[in-house]
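Asker: Residue strings, one per chain:
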Amino acid sequence: MAKDIVAGIFCCVGTLFFIIGTTGLLRMPDLFTRLHPSTKCDTLGACSVIVGMAVHNGWSWDLLKLAFIVCFLLLSSATCGHAIGRSALRRNIPYWKKKEANEDGHGA
Amino acid sequence: MTSVRALRNRILLFFLLLLFWIVLTASLALHELVMGAVCSAFVGVLTVSLLGRALDPRITPAVLLRIPVFMLRLAWEIVKANIDVAKIILNPRLPIDPRIVEYRTYLPGDLPRTVFSDSITLTPGTVTVELRGEVLNVHCLCPYHEEGLPGLERLVAWLFGVRKPVGEEGNG
Amino acid sequence: MKMGTALNLVLILLLLTTALLAVTARDLLAAVVVFSVYSLIMALMWQRLQAPDLALTEAAVGAGVTTVLFVITIFKTRRREEE
Amino acid sequence: MKKVAALLFISALAVLLLYVVASMPPMGDPDNPTATHVIPRYLERAEEETHTVNVVTGVILNYRGYDTMGEVTVIFCALAAVLAVLGRERRGVIHGFVDRSEVPASVIVKTMVRFMVPFIILFSVYTILHGETSPGGGFQGGAVIGGSMIIFTTIFGLYESSRRIPLKVRAPLEGAAVMGFFLVGSLGLVGGGNFLTYAWPRVAQGLHPSLVVWLTVLVEVGIGLGGAMVLTSILFAMIREEEEIAPAS
Chain A
5 MAKDIVAGIF CCVGTLFFII GTTGLLRMPD LFTRLHPSTK CDTLGACSVI VGMAVHNGWS
65 WDLLKLAFIV CFLLLSSATC GHAIGRSALR RNIPYWKKKE ANEDGHGA
Chain B
15 MTSVRALRNR ILLFFLLLLF WIVLTASLAL HELVMGAVCS AFVGVLTVSL LGRALDPRIT
75 PAVLLRIPVF MLRLAWEIVK ANIDVAKIIL NPRLPIDPRI VEYRTYLPGD LPRTVFSDSI
135 TLTPGTVTVE LRGEVLNVHC LCPYHEEGLP GLERLVAWLF GVRKPVGEEG NG
Chain C
3 MKMGTALNLV LILLLLTTAL LAVTARDLLA AVVVFSVYSL IMALMWQRLQ APDLALTEAA
63 VGAGVTTVLF VITIFKTRRR EEE
Chain D
36 MKKVAALLFI SALAVLLLYV VASMPPMGDP DNPTATHVIP RYLERAEEET HTVNVVTGVI
96 LNYRGYDTMG EVTVIFCALA AVLAVLGRER RGVIHGFVDR SEVPASVIVK TMVRFMVPFI
156 ILFSVYTILH GETSPGGGFQ GGAVIGGSMI IFTTIFGLYE SSRRIPLKVR APLEGAAVMG
216 FFLVGSLGLV GGGNFLTYAW PRVAQGLHPS LVVWLTVLVE VGIGLGGAMV LTSILFAMIR
276 EEEEIAPAS
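Residue numbers (my numbering), protein chains in the order written: chain A, 5 to 112; chain B, 15 to 186; chain C, 3 to 85; chain D, 36 to 284.
Calculated directly from the structure, the hints in this document are not laboratory data.
A couple of the hints might just be wrong.
[Unchecked claim] Listed next, the in silico DSSO-like pairs over lysine-lysine satisfying Cα-Cα at most 27 angstroms (straight line):
#1 Lys-102/A - Lys-101/B
#2 Lys-7/A - Lys-78/C
#3 Lys-145/D - Lys-78/C
#4 Lys-7/A - Lys-69/A
#5 Lys-178/B - Lys-94/B
#6 Lys-178/B - Lys-101/A
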């Protein structure tokens, strides 16, 4: 029973981070700033849900599988975020700045 | 010297793959282990012929042993900083001041730099957008996010057993 | 059981939405991306219908390989659909 | 006017189809014709007859081996059609997207791909070899290998990739799926059974279970290798760039 509660808490926290990440994705002004919530809040959310699943499942081989999934998830999502940001930088997509920018968010 | 290193790398890759196989099959039965050994050896040979080498030479048994501790410390950093970004996102005024900063790292080789930049990307507030030689271009959400970089660098240096060169501050 | 039905409904709605978007999108690259989302949802549905073999195939072929082949084709031709 | 007619026609068709669907036997009913003849036999006796724990694999490769053989042949024909239209890649005159793109491949992505590719390939090998006990099998594993080749090619470029997986390796393996079926089917013929039977009355009355499993695995490996090579060849044929000249290195 206690195990279920802990697992549920982890899953809820993960979902919360997913929601925050999506909110950030919608609120941020440009591509670069949108990368921040989309690559990281989502990763943490997914990892948290997986930890919840691991707690729920208890000690078994699936635990190791989940650990591998977390590792690959971290590696691939970080690399994806970098790749998107890099190609945007290489294509000289302008990024949003606070000072020079217009008030309505169309960046320099 | 290099051949000994290459051999050690291949053996290491073999054991990593075997570990992955054991986790996948979820059994320690003898016929599974034998099959796993054969498949790991086959995939190892295939990898060497495909990529030209087995593993990055900087992956050593000591590094592999430190990875779990590294992951835990990194996870703590990620959680801490994620809460920070969550606060920024949920703040109605959206207090961001993004900028791209240059950071010169002392970490040698591709792999430590890759791990460093991936750690940066995973730690909220910062995304590595370019890695050219030893210079990283990091997109920061707020200026103070930049301050976390040296700590992460120290963590990655610890993982790979690299010492910070003394008196080479700012040396190209 | 109730939860399962609700999840099925959500999945079916998402499936229909992505299918319609993939058909109607003017930007072909967007259509391809939506189509890969469609494949992923389809894989989830297969898994829910207890067909893990099909789910694996759908995820690997539908979301992975086909998307790449479509993207290559788009870059070789034109990205926008013309009237 | 045309649109109204089309709409009317489609509505009529929809009504017809819905009527037909409504008169179909209810889904999941145990008294359905499909659930009374073949399925019970598959579910109850698949394990002893095909010696595979995963019933799906037993059905695909054993009971309905001919079907699968036809599918595999269709895939092979698809490759033949693609190659007939696009032609093989020509090494030395070709460039991948990556080489042509104004954004050179990132060091980080390269390092990560180098690290991940062996694990992806091992996962697909596992999927292929454990097809008879767990979900997965030749098709799935082959698709995953093809996916790893796609990752490798998009990051390292077609030149590098087609050098590492040369045509003379790919060309024979593309037919591996059909050949695997042919081989196992012929073994059945030689053993005194029909084509593609896993029982050989001339050799032994009851074949040892592990031999049947190994024959199944042989077919799976064939399908996997063949599928992977077909996907790789289609990819190479599609990203071929004739106009470009050979890279400097």
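Asker: Look at each hint and say if it fits the structure.
Answerer: The hints, checked one at a time:
For the given pair, Lys-102/A sits about 19 angstroms from Lys-101/B by alpha-carbon distance, which is consistent with the 27 angstroms threshold. Taking the CA atoms of Lys-7/A and Lys-78/C, the gap is about 54 angstroms. The hint is violated against a cut of 27 angstroms. Only pairs whose Cα atoms come within 27 angstroms are accepted, and Lys-145/D paired with Lys-78/C is accepted, the gap being roughly 25 angstroms. Our distance criterion of 27 angstroms between C-alpha atoms is met by Lys-7/A and Lys-69/A, whose separation comes to about 19 angstroms.
Using a Cα cut-off of 27 angstroms, the hinted pair Lys-178/B and Lys-94/B holds, with the two alpha carbons roughly 26 angstroms apart. As the CA atoms of Lys-178/B and Lys-101/A are separated by approximately 34 angstroms, the hinted pair breaks the 27 angstroms bound.
The structure does not agree with the numbered hints 2 and 6 stated previously, though it agrees with the rest.
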